[in-house]
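Protein chains: 2
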Amino acid sequence: MTNQREMKLGAFFMVPGHHVAAWRHPNSEINSLQQLSLYKKLATTAERGLFDMIFFADGYALNEQLDTAVSQSVAVRPDPLVLLSALAAVTEKIGLTATVSTTFNEPFHVARKFASLDHISGGRAAWNVVTSSRLAEARNFNQEEHLQHTLRYERAEEFVEVAKKLWDSWEDDALILNKERAEFAAPSKVHAIYHKGTHFSVQGPLNVSRPVQGHPVVVQAGSSESGKELAAKTAEVIFTAWQTLEEAQSFYRDIKQRLTKYGRSANQLKIMPGVFPIIGKTEKEAREKQQYLRELIPEKVGVGLLSALINVDLSPYSVDGPLPSLPEVTEINGAKSRFQLIKDLAEREHLTIKQLYGRIAGARGHREIFGTASQIADQMQEWFENGAADGFNVMPPFLPDGLEDFVDQVIPELQERGLFRTEYTGSTLREHLELERPISQYAKPKVQKKNVQ
Amino acid sequence: MTNQREMKLGAFFMVPGHHVAAWRHPNSEINSLQQLSLYKKLATTAERGLFDMIFFADGYALNEQLDTAVSQSVAVRPDPLVLLSALAAVTEKIGLTATVSTTFNEPFHVARKFASLDHISGGRAAWNVVTSSRLAEARNFNQEEHLQHTLRYERAEEFVEVAKKLWDSWEDDALILNKERAEFAAPSKVHAIYHKGTHFSVQGPLNVSRPVQGHPVVVQAGSSESGKELAAKTAEVIFTAWQTLEEAQSFYRDIKQRLTKYGRSANQLKIMPGVFPIIGKTEKEAREKQQYLRELIPEKVGVGLLSALINVDLSPYSVDGPLPSLPEVTEINGAKSRFQLIKDLAEREHLTIKQLYGRIAGARGHREIFGTASQIADQMQEWFENGAADGFNVMPPFLPDGLEDFVDQVIPELQERGLFRTEYTGSTLREHLELERPISQYAKPKVQKKNVQ
Numbered sequence: 001m002t003n004q005r006e007m008k009l010g011a012f013f014m015v016p017g018h019h020v021a022a023w024r025h026p027n028s029e030i031n032s033l034q035q036l037s038l039y040k041k042l043a044t045t046a047e048r049g050l051f052d053m054i055f056f057a058d059g060y061a062l063n064e065q066l067d068t069a070v071s072q073s074v075a076v077r078p079d080p081l082v083l084l085s086a087l088a089a090v091t092e093k094i095g096l097t098a099t100v101s102t103t104f105n106e107p108f109h110v111a112r113k114f115a116s117l118d119h120i121s122g123g124r125a126a127w128n129v130v131t132s133s134r135l136a137e138a139r140n141f142n143q144e145e146h147l148q149h150t151l152r153y154e155r156a157e158e159f160v161e162v163a164k165k166l167w168d169s170w171e172d173d174a175l176i177l178n179k180e181r182a183e184f185a186a187p188s189k190v191h192a193i194y195h196k197g198t199h200f201s202v203q204g205p206l207n208v209s210r211p212v213q214g215h216p217v218v219v220q221a222g223s224s225e226s227g228k229e230l231a232a233k234t235a236e237v238i239f240t241a242w243q244t245l246e247e248a249q250s251f252y253r254d255i256k257q258r259l260t261k262y263g264r265s266a267n268q269l270k271i272m273p274g275v276f277p278i279i280g281k282t283e284k285e286a287r288e289k290q291q292y293l294r295e296l297i298p299e300k301v302g303v304g305l306l307s308a309l310i311n312v313d314l315s316p317y318s319v320d321g322p323l324p325s326l327p328e329v330t331e332i333n334g335a336k337s338r339f340q341l342i343k344d345l346a347e348r349e350h351l352t353i354k355q356l357y358g359r360i361a362g363a364r365g366h367r368e369i370f371g372t373a374s375q376i377a378d379q380m381q382e383w384f385e386n387g388a389a390d391g392f393n394v395m396p397p398f399l400p401d402g403l404e405d406f407v408d409q410v411i412p413e414l415q416e417r418g419l420f421r422t423e424y425t426g427s428t429l430r431e432h433l434e435l436e437r438p439i440s441q442y443a444k445p446k447v448q449k450k451n452v453q
Numbered sequence: 001m002t003n004q005r006e007m008k009l010g011a012f013f014m015v016p017g018h019h020v021a022a023w024r025h026p027n028s029e030i031n032s033l034q035q036l037s038l039y040k041k042l043a044t045t046a047e048r049g050l051f052d053m054i055f056f057a058d059g060y061a062l063n064e065q066l067d068t069a070v071s072q073s074v075a076v077r078p079d080p081l082v083l084l085s086a087l088a089a090v091t092e093k094i095g096l097t098a099t100v101s102t103t104f105n106e107p108f109h110v111a112r113k114f115a116s117l118d119h120i121s122g123g124r125a126a127w128n129v130v131t132s133s134r135l136a137e138a139r140n141f142n143q144e145e146h147l148q149h150t151l152r153y154e155r156a157e158e159f160v161e162v163a164k165k166l167w168d169s170w171e172d173d174a175l176i177l178n179k180e181r182a183e184f185a186a187p188s189k190v191h192a193i194y195h196k197g198t199h200f201s202v203q204g205p206l207n208v209s210r211p212v213q214g215h216p217v218v219v220q221a222g223s224s225e226s227g228k229e230l231a232a233k234t235a236e237v238i239f240t241a242w243q244t245l246e247e248a249q250s251f252y253r254d255i256k257q258r259l260t261k262y263g264r265s266a267n268q269l270k271i272m273p274g275v276f277p278i279i280g281k282t283e284k285e286a287r288e289k290q291q292y293l294r295e296l297i298p299e300k301v302g303v304g305l306l307s308a309l310i311n312v313d314l315s316p317y318s319v320d321g322p323l324p325s326l327p328e329v330t331e332i333n334g335a336k337s338r339f340q341l342i343k344d345l346a347e348r349e350h351l352t353i354k355q356l357y358g359r360i361a362g363a364r365g366h367r368e369i370f371g372t373a374s375q376i377a378d379q380m381q382e383w384f385e386n387g388a389a390d391g392f393n394v395m396p397p398f399l400p401d402g403l404e405d406f407v408d409q410v411i412p413e414l415q416e417r418g419l420f421r422t423e424y425t426g427s428t429l430r431e432h433l434e435l436e437r438p439i440s441q442y443a444k445p446k447v448q449k450k451n452v453q
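If you're matching them up, the sequences are chains A and B in order. If you read the first sequence in full-length UniProt numbering, its first letter stands for residue 1, the second for the next number, and so on. If you read the second sequence in full-length UniProt numbering, its first letter stands for residue 1, the second for the next number, and so on.
Among the hints, a few may not be true.
To be verified - Within a straight-line C-alpha distance of at most 30 Å, the following computed DSS-like cross-link-like pairs (lysine-lysine) qualify:
1) B:Lys40 to B:Lys261
2) A:Lys41 to B:Lys93
3) A:Lys40 to B:Lys93
4) B:Lys300 to A:Lys93
5) A:Lys93 to A:Lys40
6) B:Lys93 to A:Lys179
7) A:Lys41 to B:Lys179
8) B:Lys444 to A:Lys40
9) A:Lys179 to B:Lys164
10) A:Lys41 to B:Lys261
11) A:Lys179 to B:Lys179
12) A:Lys179 to B:Lys300
Please keep in mind that the hints were generated in silico from the structure rather than gathered at the bench.
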């Protein structure tokens, strides 16, 4: 236990790295993209670094531009819950966060899978709640168009509400397990939820008892207006993307203030912006690494990625010219906050399309920090101590090297400054993140003891 | 390699045992029902016994009778894909079979999860395709009634068809992984599937490359007319429940004959009836174990289970009297074959309700075999050598003891008779089961080599 406030750190795994050209790096383990050996190495390395959690993003389709998507960029992505379940068996302490969309799933399945993962991992599961906005995803689920932004968030909110009811449907002390008296569980403490809403009608109860953590930790990543409201109401961690201290501070204040509306306190929601660290023994080496990766980006991939991020086809335009004039953010039915961020960046720094994709193709809108371990720590500390972050989601440019460098060089630097733990003091993710364990909404304030027949 | 035909064996895990009162057995590990430690012990024991695969059933709701379901019987069941993914990390050779229903799922998710499991396990995944027939399940997925039997099977058939297209959407040699030339994959070998059917519209391709096994092994368990047709068309393993040699032989012949209609040969589908072995050092000890377990069944549980199995509420009737007159099987919208089996058993042996639930509460309609290891082996050998089975799905009455007894006593007996392997000769489940690896339906007989830009 320490009195000093400590950073929360996530290790965001995108294999073989977050940089869009990472797979071309000589050290990337391109042959193991779908094999457990690579993920096991990454997870145990992150656990050695005492990270709060590992984190997987997800998506339910290839990019729209099929040819480019498969010809020059990593197009395979194993299911994150399958990966995390396997990793639960080979790790001890680290949190396990999987992205699962609310748009094309059912709350019963999702609540049950996360409850199961929470049980088998001894309380280390977290769910990153997202909505699916890509047309290619809709087309894999019987739809010709994707759901409109507001509707997606309305559905997401109800989805999380149902999941929480299902997690609560078994009270903590519902299991009796008395062989002699033939009492398995107390029926009075197992509740049908009878949820009837706009999007879902779910009777319950769940067929898994209350998760070790009460609820698996709820993570959220949208930063649009609806995204922020959903987060303030339901999330316990926000992953977010900001380029400047001022933007991050403004977002941080905004979110923490919204919490009061829902009767929540500031420390019930941790804000963790993404950082994309390029670490060198010297600043020059870091800069060279950065440049080396940028040069590996095939032009079609850079343009395609940028097009996908802003939902505008940029292929007709010269890569050496500026972005064409873009629609207003209100006209966009996609990832609104990411769109605004990229538009602002291009205008602020007068970037050509090629410069812009060089800038965002690695971190995809997240903050690129580079330098020596000490300089990386400085940049993290600045945000952490100035009301911009409770911690960071670390996005290594390529793996496993980028993660190993962070663990071996940056973590000790943060520990020396008293900014990060030197051992795990808890065993659940909630304990790592200093989040309270929620009480079941079905638990009566004072439980009447009675004999179950 | 051996010339003698060898049994295929599945280890069917229902914790803490298949017997409905197993949890009350003094040796059952009732505190670990949702913990990895128990499942890991079971999986490594089964692997030590050289089983072809482990197998998990599934269901998406508690029993209809909530009070009885939770008060006196095991009501928790972690998600099987979460469990198997974790077990993939702690086993090396054994196949991993999970039940996933086609009624309340989406083919894209299911195909992707099994493809992911197949990759991380090095080719050991199998999918037991079922449909969901219980009202309580429908009510957890926005429905007031469950789908009519024929429609469920029609949906299941299309579901499997879509999954196979998705598994095939990446040809085996689609991944190029050439860093230097920036060639990740060959677009000409990654195919959108553009499936448009009655129940599903799925564009594809999958975002996971072709599974190690081509397709994860497809298992099927229904034995109704629609179930048998679906199996003959799509399945590679059938789990089934028969009480007598004659019934099992008749089913075996029926299924193998149906295969020709779909251009398939007899060895492309393995028929594995369930067996529920009660093993004793002597026959008397086995009989005592059987009686001991029957006495542990609470009356309400026995009646409830029997009611659920035949979809008729038996609670108004005396347990010491016979079954009431039952509807004809054609009027049943449930598990038709199980209904018929129980009805026949009651009539054939003139059983009271209590005797009947004593008989079926353990094996739930599967064949109870008991005796010494040698007697157990005799009973398996009889079916195996007389056209009734290609192997068995072994359902230990309680765990882990029942599995350990089987591995330590029955397996050596089968090996001595030359009926079972003495080591794993392959590393994928298809190799264990001697099933061919399917060719992608999108692979051209002769592939034109061309350069990918």
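- Check each numbered hint from earlier against the structure, then list the numbers of those it violates in ascending order. 1, 4, 6, 8, 9, 10, 11
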